[in-house]
Amino acid sequence: MDSSRMRISPRLIVGIFIVLIGVAFLVEEFAGIDAYQFLAYWPVVLIAIGLLGLVQGTSKVGSLIALVVGGWALAYNLGYVSLEIWQFWPLVIVAIGLSLVKRALVGEKTTSQESGEPLDRVNAFAIMGGVVRTSSSSAFRGGELSAIMGGCELDLTQAQLAGDEAVIDVFALWGGVEIRVPDTWGVVGQVQPIMGAFEDKTRPPRDAKTRLVVRGVAIMGGVEVKN
0 MDSSRMRISP RLIVGIFIVL IGVAFLVEEF AGIDAYQFLA YWPVVLIAIG LLGLVQGTSK
60 VGSLIALVVG GWALAYNLGY VSLEIWQFWP LVIVAIGLSL VKRALVGEKT TSQESGEPLD
120 RVNAFAIMGG VVRTSSSSAF RGGELSAIMG GCELDLTQAQ LAGDEAVIDV FALWGGVEIR
180 VPDTWGVVGQ VQPIMGAFED KTRPPRDAKT RLVVRGVAIM GGVEVKN
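Going by numbering that gives the first Met the number 0, the sequence shown wraps up at 226, each residue one higher than the last.
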């Protein structure tokens with residue numbers, strides 16, 4: 000079994016939560032249990048995604064924000080605190096202002112760039128921030144890109160595929176994923192948009208001997224592939 004497909008990802012976390020909610024409502028139909036009580040635990044998703052980001056070492060600030068928001072929202076839903084996290088929305092304005100001041104004083108630095116050897120596989124996770132990856136590998140094999148209230152950019156214009164086909168799994172939730180590919184590659188889009196969008200802006204090659212399969216889900220977000 001390909002171990003790369005067993006990675007814990009934000010898509011897996013959200014998918015498991017949706018399945019559990021569906022099971023809860025199914026049980027309600029046959030056992031009379033109030034399934035709506037389980038909706039109070041939705042912040043667990045944010046907590047899990049925040050912890051995942053910290054463990055993987057990507058989007059640390061966004062992961063901390065997700066962890067704090069999720070933890071506070073869960074505590075409110077369970078009656079441990081009386082103030083809703085949304086009452087602190089002016090802090091968002093303060094954070095934006097501080098971010099602008101920092102960029103003005105120390106320069107622009109909004110994304111992180113993978114460095115070192117060319118990447119055969121690319122795995123990127125952005126939450127409330129931006130992540131940029133570039134691969135110039137001569138044997139690119141695919142990867143996984145997840146963007147939650149943020150953006151992922153992947154530049155493959157200098158890469159070559161290891162075989163005839165590579166697969167990139169994408170997950171966009173209130174965020175965006177952008178992939179740039181060489182104009183000699185064919186692109187196969189298998190992205191399911193849910194109140195979102197998938198756009199293939201590449202120029203179809205006349206005789207594509209290699210192709211990139213982009214598959215996944217865009218929930219109120221977007222996935223774009225271009226040359």
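No lab work stands behind these hints: they were computed from the structure.
There's no promise every hint is true.
[What the hints assert, rightly or not] What follows is a set of in silico ranges between Cβ atoms, one per label pair, in the way DEER data are often shown: (1) Val93 - Arg205: 27 to 37 angstroms; (2) Arg202 - Trp41: 25 to 35 angstroms; (3) Gly162 - Ile32: 43 to 53 angstroms; (4) Val22 - Val80: 27 to 37 angstroms; (5) Asn226 - Arg120: 20 to 30 angstroms; (6) Leu82 - Arg214: 53 to 63 angstroms; (7) Gly162 - Gly78: 47 to 57 angstroms.
Don't be surprised by glycine CBs; every beta carbon is placed ideally from N, CA and C.
Results of checking the hints against the structure:
For Val93 paired with Arg205, a C-beta distance near 54 angstroms fails the hint of 27 to 37 angstroms. Separated by about 42 angstroms at the C-beta atoms, Arg202 and Trp41 break the suggested range of 25 to 35 angstroms. Separation of Gly162 from Ile32 is about 50 angstroms and conforms to the stated range, judged on CB atoms against 43 to 53 angstroms. Between Val22 and Val80 the Cβ separation comes to about 29 angstroms, which falls inside the hinted range of 27 to 37 angstroms.
Taking 20 to 30 angstroms as the suggested C-beta distance range, the pair Asn226 and Arg120 conforms, at roughly 22 angstroms. Here the CB-CB span from Leu82 to Arg214 is close to 42 angstroms, at odds with the stated 53 to 63 angstroms. The given range of 47 to 57 angstroms is respected by Gly162 and Gly78, whose C-beta atoms sit roughly 55 angstroms from each other.
The earlier numbered hints that this structure contradicts are 1, 2, 6.
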